[in-house]
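*Asks:* Turn these sequences into a full structure, and let the hints steer you where they fit.
Number of protein chains: 2
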Amino acid sequence: MGKRIHNFSAGPAALPLPVLEEIRDELLDYKGAGMSIMEISHRSKYFDDVINGAVDRTKKLLGMGDDFHVLFIQGGASLQFCMVPMNLALEGRPVDYINTGTWSTKAIKEAQIQGRDVRIIASSEDRDFSYIPRGFQVDGEASYLHFTSNNTIKGTQWPEFPEAGDVPLVCDMSSDFMSRPIDPRPFGLIYAGAQKNIGPSGCAMVIIRRDMLDRIPEGLPTMLKYSTFSEKNSLYNTPSCFVIYVIGLVLKWLEEEIGGLEAMETINREKARILYDLIDGSGFYRGTAEKASRSLMNVTFRLPNEDLEDRFVGEAAKKGLGGLKGHRSVGGCRASIYNATTLESVRALADFMSHFEKTQG
Amino acid sequence: MGKRIHNFSAGPAALPLPVLEEIRDELLDYKGAGMSIMEISHRSKYFDDVINGAVDRTKKLLGMGDDFHVLFIQGGASLQFCMVPMNLALEGRPVDYINTGTWSTKAIKEAQIQGRDVRIIASSEDRDFSYIPRGFQVDGEASYLHFTSNNTIKGTQWPEFPEAGDVPLVCDMSSDFMSRPIDPRPFGLIYAGAQKNIGPSGCAMVIIRRDMLDRIPEGLPTMLKYSTFSEKNSLYNTPSCFVIYVIGLVLKWLEEEIGGLEAMETINREKARILYDLIDGSGFYRGTAEKASRSLMNVTFRLPNEDLEDRFVGEAAKKGLGGLKGHRSVGGCRASIYNATTLESVRALADFMSHFEKTQG
Numbered sequence: 000m001g002k003r004i005h006n007f008s009a010g011p012a013a014l015p016l017p018v019l020e021e022i023r024d025e026l027l028d029y030k031g032a033g034m035s036i037m038e039i040s041h042r043s044k045y046f047d048d049v050i051n052g053a054v055d056r057t058k059k060l061l062g063m064g065d066d067f068h069v070l071f072i073q074g075g076a077s078l079q080f081c082m083v084p085m086n087l088a089l090e091g092r093p094v095d096y097i098n099t100g101t102w103s104t105k106a107i108k109e110a111q112i113q114g115r116d117v118r119i120i121a122s123s124e125d126r127d128f129s130y131i132p133r134g135f136q137v138d139g140e141a142s143y144l145h146f147t148s149n150n151t152i153k154g155t156q157w158p159e160f161p162e163a164g165d166v167p168l169v170c171d172m173s174s175d176f177m178s179r180p181i182d183p184r185p186f187g188l189i190y191a192g193a194q195k196n197i198g199p200s201g202c203a204m205v206i207i208r209r210d211m212l213d214r215i216p217e218g219l220p221t222m223l224k225y226s227t228f229s230e231k232n233s234l235y236n237t238p239s240c241f242v243i244y245v246i247g248l249v250l251k252w253l254e255e256e257i258g259g260l261e262a263m264e265t266i267n268r269e270k271a272r273i274l275y276d277l278i279d280g281s282g283f284y285r286g287t288a289e290k291a292s293r294s295l296m297n298v299t300f301r302l303p304n305e306d307l308e309d310r311f312v313g314e315a316a317k318k319g320l321g322g323l324k325g326h327r328s329v330g331g332c333r334a335s336i337y338n339a340t341t342l343e344s345v346r347a348l349a350d351f352m353s354h355f356e357k358t359q360g
Numbered sequence: 000m001g002k003r004i005h006n007f008s009a010g011p012a013a014l015p016l017p018v019l020e021e022i023r024d025e026l027l028d029y030k031g032a033g034m035s036i037m038e039i040s041h042r043s044k045y046f047d048d049v050i051n052g053a054v055d056r057t058k059k060l061l062g063m064g065d066d067f068h069v070l071f072i073q074g075g076a077s078l079q080f081c082m083v084p085m086n087l088a089l090e091g092r093p094v095d096y097i098n099t100g101t102w103s104t105k106a107i108k109e110a111q112i113q114g115r116d117v118r119i120i121a122s123s124e125d126r127d128f129s130y131i132p133r134g135f136q137v138d139g140e141a142s143y144l145h146f147t148s149n150n151t152i153k154g155t156q157w158p159e160f161p162e163a164g165d166v167p168l169v170c171d172m173s174s175d176f177m178s179r180p181i182d183p184r185p186f187g188l189i190y191a192g193a194q195k196n197i198g199p200s201g202c203a204m205v206i207i208r209r210d211m212l213d214r215i216p217e218g219l220p221t222m223l224k225y226s227t228f229s230e231k232n233s234l235y236n237t238p239s240c241f242v243i244y245v246i247g248l249v250l251k252w253l254e255e256e257i258g259g260l261e262a263m264e265t266i267n268r269e270k271a272r273i274l275y276d277l278i279d280g281s282g283f284y285r286g287t288a289e290k291a292s293r294s295l296m297n298v299t300f301r302l303p304n305e306d307l308e309d310r311f312v313g314e315a316a317k318k319g320l321g322g323l324k325g326h327r328s329v330g331g332c333r334a335s336i337y338n339a340t341t342l343e344s345v346r347a348l349a350d351f352m353s354h355f356e357k358t359q360g
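Here the protein sequences line up with chains A and B, keeping their order.
Taken in order, the first sequence gives residues 0 to 360; the numbers are from numbering that gives the first Met the number 0.
Taken in order, the second sequence gives residues 0 to 360; the numbers are from numbering that gives the first Met the number 0.
In short, the hints are calculated from the structure, not lab data.
Any given hint might turn out to be false.
What the hints assert, rightly or not - Calculated cross-link-like contacts (lysine to any residue; reagent style SDA-like; alpha-carbon spacing at most 20 Å): (1) Lys2/A to Arg346/A; (2) Lys44/B to Gly319/A; (3) Lys318/A to Phe351/A; (4) Lys108/B to Glu230/A; (5) Lys105/A to Ser328/A; (6) Lys224/B to Gly114/B; (7) Lys108/A to Tyr235/B; (8) Lys224/A to Leu219/B; (9) Lys224/B to Gln111/B; (10) Lys2/B to Glu25/A; (11) Lys105/B to Thr227/A; (12) Lys318/B to Leu27/A; (13) Lys108/B to Ser226/A; (14) Lys224/A to Thr221/B; (15) Lys105/A to Glu217/B.
*Replies:* Spelled out as structure tokens, the structure:
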């Protein structure tokens, strides 16, 4: 095996090394089955244990009881953008959205395609999505209030979730899912593409509060109804077995090696602090998000000019620090520091940034 | 590593051993990237090569030109059951279906949920789906003619595809895709869940003829339009990267190790011949499908009684022959012998069957 790099990719992203080693070691023979996990029936006892283990661990980590269902649905967060209004919009009632960037905008567009009465009750578009809106009103009329908890492209994150009274929150938590403890009670539905914090790409985890299942209208296609998944423990058809298996291993690592979500948040805060302190103490690097709205997952920053940014990304790559280019839609630099990115990797990046500033600044 | 079994599962199913070994060997460091393939951005050169390689190999193996697009869509064949009529039904024209079992029935149901004018122009339901219909009429009115090329549960397979004139064929080829050469020209669309013949579960391959893209109506959700996938080479959002990577390796094995689809068909015919000859030469085992409609992929058979069937499946498992239980909806026994199931495995099964007959019969 060659040397592993420090991986700051925005997703698909770093996975915990012990998880990768376990996958490798049992790839040809899963727990004595004489088959790879990829070759085992989703109707087997082996796979029942895999999927039930992932569901149980999710509920335990998030402090959820039996009023929540944990579902595995293919198609990523992008398919959820259309499934959410299809399933949860109430007849004659608006659907409320908060727009904090590219992914919120896409979620809004899918609700509009369906002809829903979409109200954008808050937005940070006026300042290029560089902050999380505050002081907006929620009037209690809406079917739900949708927001994006962390914005990978602009590097912002909700420090606290919006208050919406009796209106259920619906959250695209793709890029900070399982990075900190949450109070699940206000959420009607949480969804997260796996490929940032909990596994490889190819599956979204969807957590739905039991009462939301009563809203699902007649006549939806079978594969677009949440009830199809909740009634069959995500086994109506063949699920993304390998991805669910890896998610289960990542959650085990999170619980047993890291010690749960409070411990994970402490580590994540320390990783972010190292990079933001370096940026703030520098006249060379400049953070792009408003300080109070900064993401603990995606640290976005600029250098004095684009030439320097290109050189920064290129030299970093040569030193084994990968994935630091900003999203193609905004440019600049971005260090994604999800759960599996280690403190050691962050310190290596900080050292490189200090060194680069001294030699180029 | 423990001993690998002979795997006759219906899907997820056996994968070629050299493919599994390659995955294992590069699991922590994909081609010197210093990352697992699961950790690499879908916008990277590495992944471009993966997905383009899989597309190119598919077209080469199937003898397809630029008039076909190869797409990777999550959600399995079950999501295709609803996407097909959504995208391909023409205004004011019926959609024709042939019903050959469980999967056809599900496809028909999804078209009916959408309120399409569904005509079932042929069916083998009268004799428990034990044969492939013949002598039906296609009148040229339909938007498309949908059929299931191989029926995993009942063990039947179309020996030749239906003739439909100018009506484009739409085929669920999940369980015999890439098992034999086909003439692609009559097909408007082919779809196949990966987990039988070409990879792990979590992705369907969809092949769409260019002219079908003109049918897609306005107003569909973005993730349910084939054009979203064809315009972005299946990279509108993050695809199922790992599954696509494995599919690419399986197709490489099929082309380079096996020698393409004609060579594959020869091997598949020999595997099926061994088992059907044994069944036909026995007074103990009884095939459940009509001889002219027998599947080369799923050999379904019964023993004199259910007790013997249970004992057969149990003793086979002890000898390292797994996955021989029939589908839970029909009982009996089934040996699935997809591309990756070796002649050696089939011979081991035949030996066991002969031995079991002698000692129990």
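*Asks:* Now tell me, hint by hint, if it's right for this structure.
*Replies:* Hints and how they fare:
1. Among the hinted pairs, lysine 2/A with arginine 346/A is consistent with the structure: their alpha-carbon atoms are about 18 Å apart, no more than 20 Å.
2. Straight-line distance between C-alpha atoms of lysine 44/B and glycine 319/A comes to about 17 Å, which keeps the hinted pair within the 20 Å bound.
3. Of the supplied pair hints, the one linking lysine 318/A and phenylalanine 351/A holds, its CA atoms being roughly 8 Å apart against a limit of 20 Å.
4. With a C-alpha separation of about 19 Å, the suggested pair lysine 108/B and glutamate 230/A falls inside the 20 Å cut-off, and the hint holds.
5. Restraint check: the Cα-Cα separation between lysine 105/A and serine 328/A comes to about 14 Å, which is no more than 20 Å; the hinted pair holds.
6. Taken as a hint, the lysine 224/B and glycine 114/B pair is honoured in the structure, with Cα atoms around 18 Å apart against an allowance of 20 Å.
7. This hinted pair checks out: lysine 108/A and tyrosine 235/B have alpha carbons roughly 15 Å apart, not beyond 20 Å.
8. Restraint check for lysine 224/A and leucine 219/B: the C-alpha separation of about 16 Å stays at or below 20 Å, so the hint holds.
9. Taken as a hint, the lysine 224/B and glutamine 111/B pair is honoured in the structure, with Cα atoms around 19 Å apart against an allowance of 20 Å.
10. Proposed proximity of lysine 2/B and glutamate 25/A is supported: the alpha carbons are some 12 Å apart, at most 20 Å.
11. Only pairs whose Cα atoms come within 20 Å are accepted, and lysine 105/B paired with threonine 227/A is accepted, the gap being roughly 14 Å.
12. Taking the CA atoms of lysine 318/B and leucine 27/A, the gap is near 19 Å; set against the 20 Å cutoff, the hint holds.
13. The straight-line distance between the Cα atoms of lysine 108/B and serine 226/A is roughly 17 Å, inside the 20 Å bound, and the hint therefore holds.
14. Note on lysine 224/A and threonine 221/B: the hinted pairing holds, with a Cα-Cα distance of about 17 Å set against a maximum of 20 Å.
15. Distance check on the hinted pair: lysine 105/A and glutamate 217/B sit about 17 Å apart at the alpha-carbon level, within 20 Å; holds.
Hint compliance for this structure: every hint is met.
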